[in-house]
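Q: First to last, the sequence lines map onto chains A and B.
Count the first sequence with the numbering used here and you get residues 699 to 812, in order.
Count the second sequence with the numbering used here and you get residues 1134 to 1245, in order.
Bear in mind the hints are in silico, worked out from the structure with no lab data behind them.
Predicted model only: the values in this text are computed from it and were never measured.
Note that CB positions come from ideal geometry on N, CA and C, so glycine has one too.
Where hints are given, some of them may not hold.
No farther apart than 20 Å at their CA atoms in a straight line, the calculated lysine to any residue pairs in the SDA-like style are these [what the hints assert, rightly or not]:
#1 A:Lys769 with A:Thr784
#2 B:Lys1190 with A:Gln700
#3 A:Lys759 with B:Thr1233
On the chain A side, residues computed to face chain B include the following (Cβ under 7 Å) [claimed, not checked]:
#4 Leu742
#5 Lys799
#6 Phe802
#7 Gln804
#8 Gly805
#9 Gln809
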Amino acid sequence: AQSVSQHNHHVILSEAASLELGCNYSYGGTVNLFWYVQYPGQHLQLLLKYFSGDPLVKGIKGFEAEFIKSKFSFNLRKPSVQWSDTAEYFCALGGSSNTGKLIFGQGTTLQVKP
Amino acid sequence: GAGVSQSPSNKVTEKGKDVELRCDPISGHTALYWYRQSLGQGLEFLIYFQGNSAPDKSGLPSDRFSAERTGGSVSTLTIQRTQQEDSAVYLCASGSSGNTIYFGEGSWLTVV
Chain A
699 AQSVSQHNHH
709 VILSEAASLE
719 LGCNYSYGGT
729 VNLFWYVQYP
739 GQHLQLLLKY
749 FSGDPLVKGI
759 KGFEAEFIKS
769 KFSFNLRKPS
779 VQWSDTAEYF
789 CALGGSSNTG
799 KLIFGQGTTL
809 QVKP
Chain B
1134 GAGVSQSPSN
1144 KVTEKGKDVE
1154 LRCDPISGHT
1164 ALYWYRQSLG
1174 QGLEFLIYFQ
1184 GNSAPDKSGL
1194 PSDRFSAERT
1204 GGSVSTLTIQ
1214 RTQQEDSAVY
1224 LCASGSSGNT
1234 IYFGEGSWLT
1244 VV
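Could you put together the complete structure from these sequences and hints?
A: Okay, here's the thing in structure tokens:
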């Protein structure tokens, strides 16, 4: 069965600090992986996605994530966070076919202090 | 439309009443999902429609929950005999290929 685990539930950083949010998944087949972001009062938006190819994927707003197959991980990173990055971040897993559900992790709340 | 549209945006209902939540997906998207977001619970998968295939209902929490998708477009999520634990934000999402999905703004349901 598919599952996604985000170990950091609540992260507090100061502006300019580096960010890494953990995401681990469980699935026996080829995967598609996503990070979604939900800013306060807004709907979920796609931050970045990995389907195949270069395991280091770059998304919007300076975010990137690295797919490490041997570790079943897809951690999200940003070298220098801004106050505007305060949001909830969700990692999601889909199977490699174009059909099938997306399973989301529990989410990580990031609070960036100015 | 330009995005996924959900209605109502807010609904307060009395315990025991039935509610219907509507989702208009992005035009041309074959996949449609319903998720539930509760405080501290993340995103809980409810049901998934893909084209004309039988829906994946594996996430529906009880037989009080049902959903249909008419004509491969609009979807309605129905909750019968609502309970207080049903209070949550119900999110609809649609997608075309490659699993990338786009979310609506959600329907906030409060059961009192």
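Q: If any of the earlier hints don't hold here, list their numbers in rising order.
A: 1 and 9
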